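Participant: Next come the chains, spelled out residue by residue.
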Amino acid sequence: MEDVNHTKLETRGYDMFYGDFQALREVHIKIPANQITAIIGPSGCGKSTFLRTFNRMNDLISDVRVAGEVILDGCSIFEMDPVELRRHVGMVFQRPNPFPKSIFDNVAYGPRANGLRDRAQLGDIVKRSLRDAVLWDEVKDDLGRSGLALSGGQQQRLCIARALAVEPQVILMDEPASALDPIATLRIEELIQTLKEKYTIVIVTHNMQQAARASDYTAFFMMAEDRAGCLVEFGPTQQIFTRPQNKQTEDYITGRFG
Amino acid sequence: MSEGTATVSKSVLEAGEGAPDRCTIDFQDQANVARRRVVQGIAFGLLWLAGIAAVLVLLFVAGYVIARGAGTVAADFPGFLLDPPLGGLSAEGGISTTIVTTFYVVFLTIGIAAPLGIFAAIYLVEYAEGVENSENKWVSRLVGVVRFGVETLAGVPSIIFGLFGYALFVTTLNEHTGGFSLISGSLACACLLLPVIIRASEEALKAVPRSYREGSLALGATQWQTVRQVVLPAALPGIITGIVLSVGRVVSETAVFYVTLGGTHNLPTSLRQGGRTMAMHLYTVATETTAYEKAMATGAVLIVTIVLINLIINLISRRLTAGLKGR
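Just so you know, the sequences run in chain order P and E. Under our numbering, the very last position in the first sequence is 258; numbers go up by exactly one each time. Under our numbering, the very last position in the second sequence is 1327; numbers go up by exactly one each time.
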């Protein structure tokens, strides 16, 4: 099966260590542009760690060492300034984490950090981002309200709007619906489907139905004997869930462990 | 998911059908529960007593001083507050210059210690963490020394800071500070406050959730932008609490000023002139004159001043944070 879309993100022989502990080993993956790629696997297999590689969030942890290559649009991310990288690769976290600021200031935060001061332009960006995150209609009457006053699902959409406001190319999502109720989860999933037109989305999930339902490609991670995370299988979601090539993948998706 | 729902509704059905007519829970452990409740009652009672005792001590001390001093203030009102002290064995006059000097010293000391202390705390919490584990052993050792220094300074008695201030600011730097002066006193007292402000600010910064920092960095903000725009505003109430405590310390500090501020009851007209704070005045009047009631009156004004300052700063802090948070 040939990729219809070109490769947006690629890792080649990517290893990661926390001190002496190897957290990821020899990961080779090509993540296609404008598709939703789900990362699944049992707890502790390094899914989140792998996701946080792409915007170099792991840099914040001391004692982390990496080897191999991680490439965004042909450029090695380790040669980029992480601040610059994160403008291109946005992130939505597991628990909604709006700043204790107004809705407007939350969404305008990224553009402002980049140096945009023009009030009218900021207003346009805030409006567009909230629309794209399907939150606009619920909050348009009072953008001065605190982001913390919203419901959990609304907060997570606010965080997505906040990420969209800096116009990234890739959006990383770390179990974005795991702290939400089923209805809010469904809304987030629908939202993610509309976002793939403009963005490449990589989403970590522990919910296999969510991966099967909401993604185009699926990567299955698994711990090796020494607990290092390895990529076991990667392919179109339909294939992973109907005709897995690897025995471990089959065992996992059929619920035999994990 | 659907399976789970089915199981739940089934068990609910069963429970409905098979529910017994009488209560069938085994209550033989009632004595046990009662015993534990008694223990809880005693514990709560003791805690309550401790709380009440703390408030009573405060009310008693403040109440005694205010009750004894209020009469003197009222007998010469508003002269006591508006007239300068005239000195002498019976401490004639009011305390106006000492009130003004107290405010001078508060503003100066906080003005010096607050920025230094807050910046040091930001360094320790936001930047030193990474440095501490860095390859460079010397830098990480230096950070360790700074931390240890702050902790040690917090336990040093204030008269030591006073003597240090006397030796350095009053004597050695006499040419620049004018000897016993506002600037000497404020610098010495700022040394005393630094650990207080650093530790309060450190606690406030550490209490800011990691997720705020990550959220900001993930949006392409630099670390400084993150600190400035997200972490500091979130930590502000805690930092301000530290400042409030420090203001209280300056207002009530006597030992440091006794050996650095001189003690003249004239109003200082420049930073290089000495003066006398309310706390110093209280001490002087109580020990060197026969006007004990004037000392009490000064104490009453001192306590009311501290309460007022705390109220005002809290009010400002609430306004400030409400404005930042959005509605």
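If you're looking for bench data, these hints aren't it; they were derived computationally from the structure. Careful, some of the hints might be misleading.
What the hints assert, rightly or not - Some, not all, of what chain E presents toward chain P, calculated at C-beta under 10 Å: (1) Ala1207; (2) Arg1210; (3) Leu1217; (4) Ala1221; (5) Gln1223; (6) Gln1225; (7) Val1227; (8) Ala1234; (9) Asn1314; (10) Ser1317.
Claimed, not checked - Residues from chain P shown here face chain E by an in silico Cβ test under 7 Å; the list is partial: (11) Val83; (12) Arg87; (13) Phe99.
Small disclaimer: the values here were computed from a predicted structure and weren't measured. By construction, the Cβ of each residue, glycine as well, lies at the ideal position given by its N, Cα and C atoms.
Participant: Go through the hint on Gln1223(E) and say holds or violated, using the shortest Cβ distance to chain P against 10 Å.
Facilitator: For Gln1223(E), the interface hint holds, since the closest Cβ of chain P sits about 9 Å away, which is under 10 Å.
Participant: Is the hint on Val1227(E) kept, meaning its closest Cβ partner in chain P is under 10 Å away?
Facilitator: Constraint on Val1227(E) not satisfied, violated at 12 Å.
Participant: Given Gln1225(E) was flagged as interface, is its beta-carbon under 10 Å from a beta-carbon of chain P?
Facilitator: holds (5 Å)
Participant: Close enough to count: is the Cβ of Ala1221(E) nearer than 10 Å to one in chain P?
Facilitator: holds (4 Å)
Participant: Just to be careful: measuring from the Cβ of Asn1314(E) to every Cβ in chain P, is the smallest value less than 10 Å?
Facilitator: Violated: closest Cβ of chain P sits about 19 Å from Asn1314(E), beyond 10 Å.
Participant: Does Ala1207(E) pass the interface check with chain P, least Cβ-Cβ distance below 10 Å?
Facilitator: violated (12 Å)
Participant: So, Val83(P) near chain E? Judge it on the closest CB pair being under 7 Å.
Facilitator: This hint holds: Val83(P) lies near chain E, its Cβ roughly 5 Å from the closest one there, short of 7 Å.
Participant: Can you verify the interface hint for Ala1234(E): is its Cβ closer than 10 Å to any Cβ in chain P?
Facilitator: Result: holds, 6 Å to nearest chain P Cβ.
Participant: Quick check on the hint: Phe99(P) CB to chain E CB, less than 7 Å?
Facilitator: For Phe99(P), the interface hint holds, since the closest Cβ of chain E sits about 5 Å away, which is under 7 Å.
Participant: Hint validation: Arg87(P) versus chain E, beta carbon distance must be below 7 Å. Holds or violated?
Facilitator: holds (4 Å)
Participant: Let me know if the C-beta of Leu1217(E) comes in closer than 10 Å to any C-beta of chain P, holds or violated.
Facilitator: holds (7 Å)
Participant: With a cut-off of 10 Å on the beta carbons, see whether Arg1210(E) makes it to chain P.
Facilitator: Hint holds; Arg1210(E) Cβ to chain P Cβ min 9 Å, cut 10 Å.
Consistency with the previously given hints fails for numbers 1, 7, 9, 10, ordered from lowest to highest.
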